[in-house]
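Participant: Given next are the chains, with one letter for each unit.
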Amino acid sequence: MIRFAIITISIAVFCLTSNIALALERFPPPEFESGYEFPSTTTPHPQQNIYEYIDTVVLLAALVLSSYLVLKKRSRRAIYILMVFSLLYFGFWRKGCVCPIGATQNIVLTIFDSSYAIPIAIALFFLLPLVFALFFGRVFCSAVCPLGAIQDLVLLRPINVPSWLESALRLFAYVYLAAAVLFAATGSAFLICRYDPFVAFFRLNGNLNVLIIGACLLIIGVFVGRPYCRFICPYSILLRQLSRLSKWRVTITPDECVQCKLCEDSCPFGAIRRPSVNWPQTEYGRGKKRLAVLLLLLPVLILLCGWAGSGLRKVTSRMHPTVRLAERIYMEDTGKVEDTTDASLAFRATGKETEALYEEALNIRADFGLGGWFFGGFIGMVIGLKLIAVSVWRKRTDYEAGRASCLACGRCFKYCPMEHERLKKLKEAAI
Amino acid sequence: MSENENNINRRHFLKDGFWATCLAGLGVLGGFLLSKLKSNNTVWQIDPYVCVACGNCATYCVLEESAVKCVQVYEMCGYCDICTGYLEPKANPPDTGAEKELCPTGALKRVFVEDPYFEYNVEESLCNACGKCVKGCTVFGNGSLFLQVRHDRCLNCNECSIAAACPSQAYKRVPANEPYLLKKVEHA
Numbered sequence: 002m003i004r005f006a007i008i009t010i011s012i013a014v015f016c017l018t019s020n021i022a023l024a025l026e027r028f029p030p031p032e033f034e035s036g037y038e039f040p041s042t043t044t045p046h047p048q049q050n051i052y053e054y055i056d057t058v059v060l061l062a063a064l065v066l067s068s069y070l071v072l073k074k075r076s077r078r079a080i081y082i083l084m085v086f087s088l089l090y091f092g093f094w095r096k097g098c099v100c101p102i103g104a105t106q107n108i109v110l111t112i113f114d115s116s117y118a119i120p121i122a123i124a125l126f127f128l129l130p131l132v133f134a135l136f137f138g139r140v141f142c143s144a145v146c147p148l149g150a151i152q153d154l155v156l157l158r159p160i161n162v163p164s165w166l167e168s169a170l171r172l173f174a175y176v177y178l179a180a181a182v183l184f185a186a187t188g189s190a191f192l193i194c195r196y197d198p199f200v201a202f203f204r205l206n207g208n209l210n211v212l213i214i215g216a217c218l219l220i221i222g223v224f225v226g227r228p229y230c231r232f233i234c235p236y237s238i239l240l241r242q243l244s245r246l247s248k249w250r251v252t253i254t255p256d257e258c259v260q261c262k263l264c265e266d267s268c269p270f271g272a273i274r275r276p277s278v279n280w281p282q283t284e285y286g287r288g289k290k291r292l293a294v295l296l297l298l299l300p301v302l303i304l305l306c307g308w309a310g311s312g313l314r315k316v317t318s319r320m321h322p323t324v325r326l327a328e329r330i331y332m333e334d335t336g337k338v339e340d341t342t343d344a345s346l347a348f349r350a351t352g353k354e355t356e357a358l359y360e361e362a363l364n365i366r367a368d369f370g371l372g373g374w375f376f377g378g379f380i381g382m383v384i385g386l387k388l389i390a391v392s393v394w395r396k397r398t399d400y401e402a403g404r405a406s407c408l409a410c411g412r413c414f415k416y417c418p419m420e421h422e423r424l425k426k427l428k429e430a431a432i
Numbered sequence: 010m011s012e013n014e015n016n017i018n019r020r021h022f023l024k025d026g027f028w029a030t031c032l033a034g035l036g037v038l039g040g041f042l043l044s045k046l047k048s049n050n051t052v053w054q055i056d057p058y059v060c061v062a063c064g065n066c067a068t069y070c071v072l073e074e075s076a077v078k079c080v081q082v083y084e085m086c087g088y089c090d091i092c093t094g095y096l097e098p099k100a101n102p103p104d105t106g107a108e109k110e111l112c113p114t115g116a117l118k119r120v121f122v123e124d125p126y127f128e129y130n131v132e133e134s135l136c137n138a139c140g141k142c143v144k145g146c147t148v149f150g151n152g153s154l155f156l157q158v159r160h161d162r163c164l165n166c167n168e169c170s171i172a173a174a175c176p177s178q179a180y181k182r183v184p185a186n187e188p189y190l191l192k193k194v195e196h197a
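Keeping their order, the protein sequence lines are chains A and B. With my numbering applied, the first sequence has no gaps in its numbers, which climb one by one up to 432 at the end. With my numbering applied, the second sequence has no gaps in its numbers, which climb one by one up to 197 at the end.
Errors might be hidden in some of the hints.
[Stated by the list, open to error] Cross-link-like lysine to aspartate or glutamate pairs, in silico, DMTMM-like; alpha carbons within 25 Å at most:
1) A/262 <-> A/420
2) A/425 <-> A/265
3) B/181 <-> A/53
4) B/45 <-> A/114
5) B/45 <-> A/53
6) B/24 <-> A/256
7) A/387 <-> B/25
[Unchecked claim] Okay, the calculated bits of chain B under chain A, using three or more residues with CB under 8 Å as the criterion:
8) 25-39
9) 73-81
10) 120-126
11) 176-186
Keep in mind that the hints were calculated from the coordinates and are not lab data. Each residue gets a CB set at the ideal place from its N, CA and C atoms; glycine is no exception.
Build out the structure end to end from the sequences listed, making use of the hints.
Facilitator: Rendered as structure tokens:
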């Protein structure tokens, strides 16, 4: 009966304070007479640590093998087999996590949050593909990335995307990268992980909205080669820029280009660059003027977009849970909304000062203001540099794989007559 | 011709310079990360003193069956006959044989120890992390039942989906060698 009374009292206490987070010892543990012993709470340990090292070794091995197959062996079939293996291992077996694309955010968080310590596997997952890109081009994309692999498998009827459209769509990837860095740096969210479109397929389970996005991308991917890689993937931006400088890279022909044009339409990703036509002499003067204007426009664009990015801080900072909470509490306190949410109830139960919360939220918003300058400035710079790049004439005599765009899938190899020549010689040598 | 060659050389020189800069940049970044490295990975865990048992853990996990489960710290438990984590608030009197259990899946089991004490156990395979018992136990009882990420089940996603949906921001990254945040016994 005493216990009943205590329960009634505690209910009353609860109604007064509604303080759930505090654990009270309302009922002292009994002193058992029967020699009862307390069972212990089980704490099963995570298994990740061993797997991480295995993953890193497999990643390194796959990158080495991919480089060899792309540059030396030049065999699409072997690349395909490695790609399927990567899809099965990194995708379906390891459930697509951690991947280098998402690891970008961990790197950013390590730089901006001193309390976060990065596991060695994640650091290597981020760095290894970039180092390989600097030496061998985008060999990570070709046969190691599970997200690229799942799209490559569904590519059945490739259509050509006009290059102006491709460039315009690619701008989204730059914005996505900048946003992911902004949100990771402010500790708001890991955007790339939240909207990873294919991880739901790897796990055969997931958020419905993301699953729909993933399914749409796969359906589009039947006709447009690897839409995620080309237009969305934020990590591809880093790989693109580094593979521009790569020491060795995919060459369509193993020998000298004979200008036969056979490879012209072989690339489903629009990465083959044709020999350039001569710049018309009459255009020369105008082109020079345009370039000068664009060069002057570049800093203007950077400042303008930076200003806009900073001005968006009220919207962008809502990605941070503390800012969302502060806005909610403010709306409740000023009577703009009647009801409460789980989050606002949880905050009130802690008994913290509202003013302190507001101040914290304003500080975060100020961070977003500063970050917004970099976020917008980066996008402005990308637009400006792209405009300059299309206004500069580059001499090209042969059919080449685009340094940045080539995904090193090896589809173009067998279109080259010189490649057939090489294979014939190899066969003869073997006999 | 010679001018053209010079041009190419200059371009190559610039390119090599850029290349070396990028490699050095990656090296510096690698060195920086090395200085911040911990041999230990981090995993996600719920701070039980912040958790409000809202029920999101049951639905937001990427796993079919949530990796979050209810745990019992026996030293904190009052071993009550009328357990507010076990029975519904308006349950029938205990002698009617028609009391209603709070747990929707029947995962919270009770075993008679000695009069009038009962031991309460969570059957992990049945628990769906709805937090109903946690709320009951924390609000009216000692709070010995609470939610924890079970690391034999957790995939350790880079961004935990439940953490993103947690209204009280109770999810934390904790070192993998101490992966649980169990409540401490207060009476000692």
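Participant: Hint by hint, note whether the structure agrees.
Facilitator: Going through the hints against the structure:
no., hint, result
1, A/262 <-> A/420, "14 Å, holds"
2, A/425 <-> A/265, "23 Å, holds"
3, B/181 <-> A/53, "21 Å, holds"
4, B/45 <-> A/114, "11 Å, holds"
5, B/45 <-> A/53, "18 Å, holds"
6, B/24 <-> A/256, "24 Å, holds"
7, A/387 <-> B/25, "22 Å, holds"
8, 25-39, "holds (count 7)"
9, 73-81, "holds (count 3)"
10, 120-126, "holds (count 3)"
11, 176-186, "holds (count 5)"
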